Structures are given as C-alpha cells and as structure tokens.
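Colleague: Protein sequence lines, in the order shown, are assigned to chains A and B.
1 is the number of the first residue of the first sequence in this note's numbering; add one for each residue after it.
1 is the number of the first residue of the second sequence in this note's numbering; add one for each residue after it.
Read the hints as simulated data drawn from the structure, not as lab findings.
Take these hints with a grain of salt, some might be off.
Any copy, or any two copies together, can satisfy a pair, since identical chains are not distinguished.
Unchecked claim - Here are the simulated lysine-lysine pairs, DSS-like style, with alpha carbons at most 27 angstroms apart:
no.	residue 1	residue 2
1	Lys264	Lys347
2	Lys287	Lys347
3	Lys454	Lys438
4	Lys489	Lys57
5	Lys454	Lys142
6	Lys104	Lys489
7	Lys313	Lys287
8	Lys438	Lys43
9	Lys264	Lys287
What you are looking at is a predicted structure, and each value in this text was computed from that prediction instead of being measured.
Number of protein chains: 2
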Amino acid sequence: MSIMFRKLGILIKSIEKNNIREKVRCASTLPQLSSEKYNIKRKQFSNVESTDVNYFKRILGEERVLTEETDVMPYNIDWIKNCRGQSSVVLKPKSTEEVSNILKYCNERRLAVCPQGGNTGLVGGSVPVFDEIIINFTLMNKVISLDEISGALICESGCILENLDNYVRDRNLIMPLDLGAKGTCQIGGNASTNAGGLRLLRYGNLHGSILGIEAVKADGTVIDCLKALKKDNTGYHLKHLFIGSEGTLGVITKVAVHCPALPKAVTLGFFGVENFENILQLYRSAKTSLGEILSAFEMADFEAINTTVKNLKLPNPIADYPFYVLVETHGSDEGHDSEKLSRFLSKEMDSGLILDGTVTSEPAKIQTIWNLRESIAGAGLVQGYMFKYDVSLPLRNYYDLVPQLRTKLNGRASVVFGYGHVGDGNIHINVIVPEYTKEICSLLEPYIFEEVSKFNGSISAEHGIGFRKPHFIHYSKDPSALQLMKDLKQLMDPNGILNPYKVLPDM
Amino acid sequence: MSIMFRKLGILIKSIEKNNIREKVRCASTLPQLSSEKYNIKRKQFSNVESTDVNYFKRILGEERVLTEETDVMPYNIDWIKNCRGQSSVVLKPKSTEEVSNILKYCNERRLAVCPQGGNTGLVGGSVPVFDEIIINFTLMNKVISLDEISGALICESGCILENLDNYVRDRNLIMPLDLGAKGTCQIGGNASTNAGGLRLLRYGNLHGSILGIEAVKADGTVIDCLKALKKDNTGYHLKHLFIGSEGTLGVITKVAVHCPALPKAVTLGFFGVENFENILQLYRSAKTSLGEILSAFEMADFEAINTTVKNLKLPNPIADYPFYVLVETHGSDEGHDSEKLSRFLSKEMDSGLILDGTVTSEPAKIQTIWNLRESIAGAGLVQGYMFKYDVSLPLRNYYDLVPQLRTKLNGRASVVFGYGHVGDGNIHINVIVPEYTKEICSLLEPYIFEEVSKFNGSISAEHGIGFRKPHFIHYSKDPSALQLMKDLKQLMDPNGILNPYKVLPDM
Chain A
1 MSIMFRKLGI LIKSIEKNNI REKVRCASTL PQLSSEKYNI KRKQFSNVES TDVNYFKRIL
61 GEERVLTEET DVMPYNIDWI KNCRGQSSVV LKPKSTEEVS NILKYCNERR LAVCPQGGNT
121 GLVGGSVPVF DEIIINFTLM NKVISLDEIS GALICESGCI LENLDNYVRD RNLIMPLDLG
181 AKGTCQIGGN ASTNAGGLRL LRYGNLHGSI LGIEAVKADG TVIDCLKALK KDNTGYHLKH
241 LFIGSEGTLG VITKVAVHCP ALPKAVTLGF FGVENFENIL QLYRSAKTSL GEILSAFEMA
301 DFEAINTTVK NLKLPNPIAD YPFYVLVETH GSDEGHDSEK LSRFLSKEMD SGLILDGTVT
361 SEPAKIQTIW NLRESIAGAG LVQGYMFKYD VSLPLRNYYD LVPQLRTKLN GRASVVFGYG
421 HVGDGNIHIN VIVPEYTKEI CSLLEPYIFE EVSKFNGSIS AEHGIGFRKP HFIHYSKDPS
481 ALQLMKDLKQ LMDPNGILNP YKVLPDM
Chain B
1 MSIMFRKLGI LIKSIEKNNI REKVRCASTL PQLSSEKYNI KRKQFSNVES TDVNYFKRIL
61 GEERVLTEET DVMPYNIDWI KNCRGQSSVV LKPKSTEEVS NILKYCNERR LAVCPQGGNT
121 GLVGGSVPVF DEIIINFTLM NKVISLDEIS GALICESGCI LENLDNYVRD RNLIMPLDLG
181 AKGTCQIGGN ASTNAGGLRL LRYGNLHGSI LGIEAVKADG TVIDCLKALK KDNTGYHLKH
241 LFIGSEGTLG VITKVAVHCP ALPKAVTLGF FGVENFENIL QLYRSAKTSL GEILSAFEMA
301 DFEAINTTVK NLKLPNPIAD YPFYVLVETH GSDEGHDSEK LSRFLSKEMD SGLILDGTVT
361 SEPAKIQTIW NLRESIAGAG LVQGYMFKYD VSLPLRNYYD LVPQLRTKLN GRASVVFGYG
421 HVGDGNIHIN VIVPEYTKEI CSLLEPYIFE EVSKFNGSIS AEHGIGFRKP HFIHYSKDPS
481 ALQLMKDLKQ LMDPNGILNP YKVLPDM
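Please put together the full structure from these sequences, using the hints given.
Modeller: Printed below as a string of structure tokens:
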C-alpha cells in the first residue's frame, strides 16, 4: 500500500511538473464522474465565476491558484479511482489566515469547498463531487515546535505523516499513528478522518493523542484550541468536533500531537496459522505473554497474502498457510523483549497455534514484512475494481463475513479476502472484480452493513463515511444521534459549504 | 484523600439512614451559601411547586424523591465544604427512561437541574447554586456487560469507580483511571468531568479510553452512542460532547469503557530528591530506563508530605527531603520489571539524583505509600480552609508558582505546597489558611491564572471549570472558542436548565 501511495505521490508531483506523458496516462484511465455513477443532484451553491478566481489569485498569488483542466484533474480523482469530481479550481493556501480569508469569502458567496490533504482517503471524502473549490494543504507543511521532554509536537496540517515521523525519530520520539499511506497522507487529513492505522492497539486513537487543534469554521472564524498540554479541562473539548468530522464542521489548519518515546527495541514475528479460531486464541496468549510491549497484532488470510505476493511480486517470508498473523513488539530493553517473544513463540509452537513462522529484529527484514502487510490494501488494483469494506465487529464474529461473501458471490468475484487489525476488532474485506457492476454492488451492499449492524459493529471502523457511505450511516448511528449531527452541521456551517455530499445523509 | 472520601461516603449513608447525630454534626458545619459567598444572581427559571414534586413521586415512587431539608442537605454541599446550594428536591432515577422523563418535564417547565454523581468534584460542579433539582445517579449502578477478550465494559453511570475496578480485576482487567476519590466517585461523573487521575501517563485520558456514551439531552432525547468498539468512524464523534462538559450539554446515563489488562507485576519506588531540577532529570531518565512499564511518576514537596503525615498521622516511609518522587511500574513480567527498576535506581543513586528511597512489590506497602500520596489532597481540611489549584504547565515551569506564592503570601498562609502528576505536566497547589478571607483570595486569584496563561498552560488541568472557575476560563480559552461553547450550549440546551451557573461564563 505504501508503494502504491508513493506511486500516486510521484504521479501527482510529475503532473504538477507538467509532464505531458503522465497527463495522458492519467486522462486515459479516468473513472466515471461521481455524480453520474451515484446519481447525485447538485445542491444550490453558487457557480465559480472569473471574479472569484481573480479574488483568490489576489490573496494567494497566481501560482497557488490552479485552474488549467489538466492541472486540476488529479485533485478531482481519489486514489482508488472510484470517485471523480468536477472542480475547476485548486487553491493552495500557506497560512491559517489565507484559509480563513478563503472560507469567509466562499461562505459569503455560497461557494462550496472540498478540503484536501494527501488525498489518500478510501471513501471519496477528499475529492469534490461537483464543482467544489478544492483547498489543498500541501503547502502548509511546517513544524512549529517540538517539546522533547513532553513529546508535544505542533505543526501545520499539511505535514506529511512520514516526514513528521522522520523528524521526531531524530529526537527519540515516534508519531502515535502509522498507516500504509504515511508517505503521502497529511496530519490534517489524519486528524479530520480520525485515522486509525497499524499501532492503535498500543498508542491509542487520535482522540487520545491529539492534544490540540486549530481549525477554521465555514465563516472564516479561527478556533484556536492548539494547547499542547496532556491535561486541560477548561470547558468543552472542542477539538473533538474537528477530529473525525471529515472537514464538514471546520477545516483543520494546525495540530498538536503527543509523540511517544521511540522504542529502543522492535521485534516482529510473522506466523502461519491453521484457522481463525486459533488466531483468537493466539491473540489472548499474546496479550498475556507480551503485555505492554505488544504494538501490533495483525491478521491476513491466505487469499490476501497470495494476491499481494502475486500481483506486486513481493516475497512471502514463509510458506503457504490458511492464515497469517503479524505480531510486533515495541519495547525499551531488547533482551527482555526477545525473551518474552521467544517464550511466546516456543509455547505456541508447542501448542500448535503457530504452525510455522519467522521472528526478526533486523530493520530491513521488518520493513520487508510490513511492506507485504501494508501492500495488501492496494494489491487488487492491478487486477480490476476493488470493493473495499472496513468494519469493526466483536472478535468472535470478526472473520464471519469473508466466507459468507464468498458463498454469496458464488464465483462472481476474482477474489474475496480479509485482513486487518485483530487487536482493534477491525477487519478490512476486499472484493476484487474485473470491473464495477451494479449487480455485484447490490449483492454486497447493504448486505454487509446489515450483517455488521446485527452485531452492533461499525460500518466504518477507520476509513470514515466520506462520500461513499452517508446513505448507510444509519446502520451504525441511531436516529437521535443523526439528528444531533445534523444540528451541529447547521450550527457550525449553516450554508453547508464545507465538503458537501459527505458524511451527513439527506434527512 | 481516599480516606476522606470514604468518610464522606459513610457520612452520606448514615444521614440517609436518618442518623440524627450525624445530621446535627453536618448542620453545625454548614458552609456559607454559594450564591451569597460569590454574589450570584438567580436566573429566570421556574420555582419547584408541589405539583412538580407530585409528578416526580408518580414516576419514581415516594422513596426516590427526597424533600425533607435534613435529607436533602448533604446533597447541597460539596466535599471540600466550599459550596452550598439551596435545592429542596433530590431525585434518584433507576433508568435512562426515568432520566429522560425527568428532563423532558423539567425542560418544559423551565426547571433547572443539577446532575450529581459521587459529589467528589473540587470546583463546585456537582452541587446546586440555587434551587436546582438534584438528579443523583447512585441507584443507576449496574454493570451491563464485560467483553473479557476486548476489555470493553458497559455500565450505568452511577457505578462507583472502585466497585468497577474490583469487578474487572476479578477478570484480569483494570479500569483505565484511578483517583483518590475512587471509593465514592461514579463513572458517569468521571466521564462528564473528564477525570484524569494517577495513571493517565500510562493509560491515557478518558477521551481515548471511553468507547461509548449514552446521554440524555435537556429535552429528554436519549443520544445512544454506546458502541463498545475500539474503532468506529461513522460520523461525528458525539460522545466527546458529553465527556468533560460537566453535565451542561447532556446527562450521561451509560458508559462503555476500555479496560486494559491487569498488570501481573506492580512495583513502586518512593524517593527523596534534592530539588525540582533533579526531579525533571529523573523523569527523563525514568522514561528511558522504564519505558513502557512506567505507570505513574508523581511528585510532592516536603511541605505536602509533612502536612499529610502530621495532620492525618500517616507514616512517611523515608526520612525528610526537600522533594519526594513516587515511581510506579505496571508490567507483565516481575523479573524484567524489577531488573529495569533496580537498574534505574542504582544508576540514579550513583548520579545523586535520588538521595534515598524505598522500592517495594508488596501490595500492603504499595498501598501504604499510595495512601500517603492520595491523602495529600484532603490533608489540609483539618487545619482550616484550603485554596486548591490544579494547573497544567510546561515541565520547565512546573514548580515555579509554589515558591512565588510563598513569597507573595508572606506568612499569611499556614502552609503552601505543591504536588502532582509530573508525567502529565499537572501540578496541584494547595494553600491552607485558618479561614477563607477575600483578602487572601484576591492575592491568589487571578494572579495564579495570569501566570499560568503566560506559559500557555491550563487553569484547570483535571478538576474542570464547574461553579468556581467560569469567570477565569478566558485565561485558557480564546474568545472564538468560548463563543463556540456558548453556541453549543444554546443548541443542545436552549433553556439552559442543565447545571446552570457552571462552566460557561456570562458573555
């Protein structure tokens, strides 16, 4: 997945450099317009006029207002090529003040906007649907401060996650989140989508680790909650309104985040397992044996690993097994950690829960195995169209849907596989088909959401609601909660200009 | 502190049992009415009529509606005896439906209410100011479910924290928060005040560990966000509106919380240190040497420990030193943990950062030392009136205010001391005086808040704003954030019946 994201990052960069060949390549694979594909009606916003563009050029300068169709095109398309918007303007602010001016103007003019970070979202939340003005945060990429004792990092929202991680690693800290898209995704996008990722099990979610937020409301008001304190109980905890609301209540411009200590020892195990029931038993055992050093407990079925190995020509470090488990430890004492992991391994090899496996502390080998795991998400792209689901379920029902879908699709899909973050109850289910058809879609949806709802699960564990799921949100949110969401939207963005057609269902 | 809280718990219980002697004792120490002491004007709410009381008796039954003055009195007074309200009715609902009916009725009648958990708050948030109807949650004390694999506990809001901790400990889990008031405070109160406590350093804050909330809005609408999932990105994260808003946006009726694994090994060190600079160095060293097993890093100055030892006749396990540090580890391997702690201790005894100390894994000794630490908060009560401050500051300025206040008060206070959670940047400053005077108050306030504001700290790290601090909130919240708070209050409680005179300043 990181490889795919980096490719997309390079693609965007080369397009920005007016590389004609890439432009053509991009144009040749244009997905259908979202509005047509999903039969959406444009809301009553104003149209962007030349006077508007002139205003933006005046406040940002010519070079930070993109209007050429070929320049704007990549910003209209999401990375899994499922959604395509029709925006004609991309704005690249460099400061909170510029964002505030843009929004104040758009709000008065009733011009809709689409805030965009690294555009790595999977539910179409980061690209426009119609002609929303794209506000791209790429140029707001400065680190403002880092307190090396407390671990509090303050930075602008356009900082790329991997760059931040490299920055704080040089100071013996790590970012509290890690995800496949790290080379492209931006911290502001991470915050506004409440990104989960690979090590939530250990470092918790962003509602816990984000210390402060600066955001701009639809009317241009700057809300400064950028405290870098671990404890601050002075009134309503407003930052959480912006974390996970996907740019529909405000646009995040700065983030303060708590960075944990860089682990001195990292060890990784990759194991073959007979069946899912054994994975659950192994998880319980890992929690007991590895305790506080457990930093990731991931699973993938044979089909997930096999598809990735074949499509992306990546090596599988062990033989073929029905299931795979990746266990990672982050600790402060290599001797203690490897003793714990060896004890766990030897116990579970004896018990038969682990059939075979490899354990390594070598950074290059760790990277190779993580790369295999992270690449699963995008591995189906080269084969055709991917239906991607991202759900939370009680652990005993975690894997149920995968065999159910295989039966239900009855050979119509090239492959159906499941993988994900066992420790968080979060499974990703990918269904790869030669091409998108409404027939297959109707077999999958709302069936999957109905099943998840039966178990009081979440129809979107970490990807968000975006453009693709508002009409399914009721499977996970009760009517009074939905009404309160709508009331909050009305309060904070009465003209509805912020990321319209996203998150909120028409009610 | 836990002792003090337990005493209060027993006091309330005995009063409930119509123990006349206790009633008289309580009556003899009545604090001044909050409205007079702080010169507050009653807002335009309706007065409670006999028809209202009859309605409540009809829906709750006679015995769950307290109206006798002596019965109601303890619910009108906060535990540090700083605030006294004038309520004439205490309601004790047993279900969400009853809470909903009460609020719907009160909202229509424009009757103000004060939700009350264990009444252990320190800023007067849990007692009425005028005649607000007290909704007490003591009888909503059922555990609903516990998933032993994922650690998700669902319970009613009136469950006492210590009871929950005992319940989950029997199942190899612990509650993610621990505080001195645990024997009396309730999980609903913990959630609505975003309680911090002693092990936030390790297990994070409640915004991270609360999985779901059920709350009732002012108009009686039940907002069901009671998912017990670690990951759920389906729209706005509404639960955070209720966490930390101190009952002013809604009343929490159920909580889902993530319980971490019970540590197999607990070790505690209590050390004497020469000066605060050495505490900071020791903290950096502990983070490196103890890493993931560090579960608490607390400090107290000599005056804090000495006051507690003398006033409460508690033993100090080591000799007198200018400063004390308490270091606790939670881990999964006793051998590894004690090796890490011994290495740390021996290194820092050699370096001179630790002057003397004791290290123990014996539960009884651990309890004795924690009891000393937890008792500091209430130790001043027997000596007179306590001014209590609870602030967050950057670590390099963490202790600055204590010597500054000693100089400023110039002998007017019996004692001034500082103690707190170094790992969270949160210091508690207690100023003990023979009795409350406006002169001393005016030397302390707003001086302390101005100093905290200079360093971009928080004027209330974990205690909240409550009744005592709304007029100081601007030292920590900027005007646009305050306006958004006010807008949210107007949206969710347009008649302002929920916990009036609290949190929000008059604007």
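Colleague: For each hint, tell me whether it holds in the structure or not.
Modeller: Hints versus structure:
1. Taking the closest pair of Cα atoms, Lys264 and Lys347 come within 27 angstroms of each other both inside a single copy (25 angstroms) and across two copies (18 angstroms).
2. For a Cα distance limit of 27 angstroms, the shortest separation of Lys287 from Lys347 inside one copy, 14 angstroms, qualifies, whereas the shortest one across copies, 31 angstroms, does not.
3. Proximity of Lys454 to Lys438 under the C-alpha cut-off of 27 angstroms is restricted to the intra-copy arrangement: shortest distance 24 angstroms within a copy versus 60 angstroms between copies.
4. In this assembly of identical chains, the alpha carbons of Lys489 and Lys57 never lie at most 27 angstroms apart, being 29 angstroms within a copy and 39 angstroms across copies at closest.
5. Taking identical chains as interchangeable, the C-alpha atoms of Lys454 and Lys142 lie at most 27 angstroms apart only when they sit on different chains, with a minimum of 24 angstroms there against 45 angstroms within one chain.
6. Proximity of Lys104 and Lys489 under a CA criterion of 27 angstroms is satisfied in both settings, with 17 angstroms inside one chain copy and 24 angstroms between copies.
7. Taking the shortest Cα distances, Lys313 and Lys287 never come within 27 angstroms of each other, neither inside one copy (33 angstroms) nor across copies (42 angstroms).
8. Only within a single protomer do Lys438 and Lys43 lie at most 27 angstroms apart by alpha-carbon distance; the minimum there is 25 angstroms, versus 59 angstroms between protomers.
9. For the identical chains of this complex, Lys264 and Lys287 are neighbours both inside a copy (20 angstroms) and across copies (12 angstroms), given an alpha-carbon limit of 27 angstroms.
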